[in-house]
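**Q** Assemble the whole structure, with the sequences as input and the hints as a guide.
The lines below spell out each chain.
2 protein chains.
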Amino acid sequence: MLGNFMYCNPTRLYFGEKAMKGLRKELPKYGANVLLVYGSGSIKNNGIYDEVTAVLAEAGKNVFEDPGVMPNPTLQKMKEGCALVREHEIDLILAVGGGSVCDYAKGISASAYCSGDPWERYYKRHDKVDNLIVPVGCVLTMAGTGSEMNGGSVVTNPDENVKIGRVFGDNVFPKFSILNPKFTYTVPKYQMVAGIFDTMSHIMEQYFSDEDDSASDYIMEGMMRSLVHSGLVAVDNPHDYEARSNIMWLAAWALNTFVECGKTTDWEVHMIGQAMGAYTDATHGMTLAAVSLPYYRRIMPYGIAKFSRFAKNVWNVDPEGKSEEELAAIGINAMEDWMAELGLVMNSRELGMTEDMIEGIADATFLLGGGYKKLTRDEVIDILRESMEYTGDRIS
Amino acid sequence: MLGNFMYCNPTRLYFGEKAMKGLRKELPKYGANVLLVYGSGSIKNNGIYDEVTAVLAEAGKNVFEDPGVMPNPTLQKMKEGCALVREHEIDLILAVGGGSVCDYAKGISASAYCSGDPWERYYKRHDKVDNLIVPVGCVLTMAGTGSEMNGGSVVTNPDENVKIGRVFGDNVFPKFSILNPKFTYTVPKYQMVAGIFDTMSHIMEQYFSDEDDSASDYIMEGMMRSLVHSGLVAVDNPHDYEARSNIMWLAAWALNTFVECGKTTDWEVHMIGQAMGAYTDATHGMTLAAVSLPYYRRIMPYGIAKFSRFAKNVWNVDPEGKSEEELAAIGINAMEDWMAELGLVMNSRELGMTEDMIEGIADATFLLGGGYKKLTRDEVIDILRESMEYTGDRIS
Numbered sequence: 535m536l537g538n539f540m541y542c543n544p545t546r547l548y549f550g551e552k553a554m555k556g557l558r559k560e561l562p563k564y565g566a567n568v569l570l571v572y573g574s575g576s577i578k579n580n581g582i583y584d585e586v587t588a589v590l591a592e593a594g595k596n597v598f599e600d601p602g603v604m605p606n607p608t609l610q611k612m613k614e615g616c617a618l619v620r621e622h623e624i625d626l627i628l629a630v631g632g633g634s635v636c637d638y639a640k641g642i643s644a645s646a647y648c649s650g651d652p653w654e655r656y657y658k659r660h661d662k663v664d665n666l667i668v669p670v671g672c673v674l675t676m677a678g679t680g681s682e683m684n685g686g687s688v689v690t691n692p693d694e695n696v697k698i699g700r701v702f703g704d705n706v707f708p709k710f711s712i713l714n715p716k717f718t719y720t721v722p723k724y725q726m727v728a729g730i731f732d733t734m735s736h737i738m739e740q741y742f743s744d745e746d747d748s749a750s751d752y753i754m755e756g757m758m759r760s761l762v763h764s765g766l767v768a769v770d771n772p773h774d775y776e777a778r779s780n781i782m783w784l785a786a787w788a789l790n791t792f793v794e795c796g797k798t799t800d801w802e803v804h805m806i807g808q809a810m811g812a813y814t815d816a817t818h819g820m821t822l823a824a825v826s827l828p829y830y831r832r833i834m835p836y837g838i839a840k841f842s843r844f845a846k847n848v849w850n851v852d853p854e855g856k857s858e859e860e861l862a863a864i865g866i867n868a869m870e871d872w873m874a875e876l877g878l879v880m881n882s883r884e885l886g887m888t889e890d891m892i893e894g895i896a897d898a899t900f901l902l903g904g905g906y907k908k909l910t911r912d913e914v915i916d917i918l919r920e921s922m923e924y925t926g927d928r929i930s
Numbered sequence: 535m536l537g538n539f540m541y542c543n544p545t546r547l548y549f550g551e552k553a554m555k556g557l558r559k560e561l562p563k564y565g566a567n568v569l570l571v572y573g574s575g576s577i578k579n580n581g582i583y584d585e586v587t588a589v590l591a592e593a594g595k596n597v598f599e600d601p602g603v604m605p606n607p608t609l610q611k612m613k614e615g616c617a618l619v620r621e622h623e624i625d626l627i628l629a630v631g632g633g634s635v636c637d638y639a640k641g642i643s644a645s646a647y648c649s650g651d652p653w654e655r656y657y658k659r660h661d662k663v664d665n666l667i668v669p670v671g672c673v674l675t676m677a678g679t680g681s682e683m684n685g686g687s688v689v690t691n692p693d694e695n696v697k698i699g700r701v702f703g704d705n706v707f708p709k710f711s712i713l714n715p716k717f718t719y720t721v722p723k724y725q726m727v728a729g730i731f732d733t734m735s736h737i738m739e740q741y742f743s744d745e746d747d748s749a750s751d752y753i754m755e756g757m758m759r760s761l762v763h764s765g766l767v768a769v770d771n772p773h774d775y776e777a778r779s780n781i782m783w784l785a786a787w788a789l790n791t792f793v794e795c796g797k798t799t800d801w802e803v804h805m806i807g808q809a810m811g812a813y814t815d816a817t818h819g820m821t822l823a824a825v826s827l828p829y830y831r832r833i834m835p836y837g838i839a840k841f842s843r844f845a846k847n848v849w850n851v852d853p854e855g856k857s858e859e860e861l862a863a864i865g866i867n868a869m870e871d872w873m874a875e876l877g878l879v880m881n882s883r884e885l886g887m888t889e890d891m892i893e894g895i896a897d898a899t900f901l902l903g904g905g906y907k908k909l910t911r912d913e914v915i916d917i918l919r920e921s922m923e924y925t926g927d928r929i930s
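So the protein sequences, as listed, match chains L and D.
Numbered according to our numbering, the first sequence spans residues 535 to 930.
Numbered according to our numbering, the second sequence spans residues 535 to 930.
Please keep in mind that the hints were generated in silico from the structure rather than gathered at the bench.
Heads up, none of these hints are tricks.
Which copy? The list can't say, so a pair holds if one copy fits it or any two copies do.
Dumping the calculated DSS-like pairs for lysine-lysine here, alpha-carbon to alpha-carbon at most 27 Å:
#, residue 1, residue 2
1, K658, K613
2, K662, K611
3, K662, K555
4, K559, K662
5, K552, K662
6, K709, K662
7, K563, K709
8, K856, K846
9, K907, K658
10, K611, K709
11, K555, K578
12, K908, K846
13, K559, K709
**A** Quick look at the structure:
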């Protein structure tokens, strides 16, 4: 823990099969006007909508609805949401859905009363939020993004082909989140494994940096071991409560500012994946899956000690008789095997990416340089090309 | 993560060599009257007192002092502190010291305005705190108890020979804590290693329970691996900043309600150790060290799968060709070797315990039954006897 940092995460989590009791406890703390934010309406099919609205009615709330939040929430949608918040003098924004819905809720929470253009000020310039922040609560139905316990808000502007992730301070974190693992049971397998890999990627973005001996790295190794194990159990049996609960818990903790404490971070995979997402509208976790193998194999030589540690401590690779380089390579191969077993899409062509997008995606990728190697634009192009050529046939 | 639970930890942590900047940021949030709480006065020798009072003066605070908090804060001392809080209409209690000082600060924070006797109501009966809670901030000078980020408050009543730990809710958690690893450099080695073992014990009390597959157990394994490693580095070189910072960070996270999430817990070692502490006034972490080996060897047969996992995942014991029982025993032996290398006192006679105390300590021990085996009073007596006979000569 070499750096100087502040840590504070005030989000109150209610976890478990009975987590909805938490919503009953929380609602009296807020005023009467609630904006119920959700996505495509799947919550109406699986009963979660009915359960939530019953609790809201019981608490005597005036409920206004803002449905139709898309997997990659757009700037236009966000402007409409801000108008709803102002029009109905909303006291609590209740997000019911996955990461996109939570992201969107925090976006309108911070932006509704912004003086000036929130896209320019809060997303592009990262200004400090200086206006009234409308409280947000979440009922999570999909695990992966960690949005339920952080200040992240990713918004896409299709006019500019740009997807920007803003990280707000703890004053914008959800005040509470309801995490019932059973609420994730009806998520399609494609989305479930994308969420699992999103979580894995969050941890890796924070793990693969520095050459010190931070306690955070040991904690992340434990988290990855649990996620690797529970991910496989969940793919086999999506109704395994324990596996789904571990996945849900780890997703929250992988990106709630905890494991980055005392560390520098990378985030290059997310930058390339987000740029790909802006062009293809592909599921976030799948874009990360497509980018990760070419990315990590490329930067491996610059962080060989950490990659060999990853092999030993996360993938149980026996170091006996192996060089650090061999260990490192075996570790990434083990991860590749795990990704294949989950059923992740690792070829970006299958995600809708085409040759003519490559230059644009490379241009839209922010080059952060936080990990073991600052990428050049050419290297991003190479990684994107490799992601299109992925066949699963490994040369090892 | 099988249980239902609520998690919320609102304490704001400022960590690192520059953590005192956090105190400057926090002070303006509170009123003018600050009660400065500390222990035996070592902070006057190492410069921390001067640094803190300079920041308080700069912020224009009226500072009242409450020194002399003992390693095991007494009920009498707490009553005097409560009177000071009321007399000076204190707006912020600033604890500068280790766990005892923080525990004491939270005790008077919750108790000063209690209607009725706080010892009876809050410590013995565990009533909900229904009065004004005076905000607490901490400047930590010793790592181990985790008191800087939780609601714990252990108070001793010498008249009754009882030491009771009350766990208050998150409304009594410190509002902020200043964690500068360098502030722990002047702690004597005896206290440093006692703190390291206190942290280890906190994790083990939460790890050794259940037979499920909780993500929390994986996270704890990572934390223990880091603590084992950094503990040895710190014993070798107490000024190793990184080791001391890892230890400080792990101490906070070992007992801030995080790793217990979704789990049942044990705490029997703490119950016996606390009872021993009430009789001997020995350092808390050392009483735990004296009790742990006889305790864990006794309950091992009832949780053999977890003890063999502990051997593999924390102590890197190669499972090849070993039975679970053998693995489990080797794991505890590895822990014993580590404890010896740290220089912990594992014979309770050396901590001031005498034969005539045994019955009384057994009577003062709460039998919780949360781990793998509900102890009987006779078993507690056996454990206490074994702790007096410890020589370090292992039969293995």
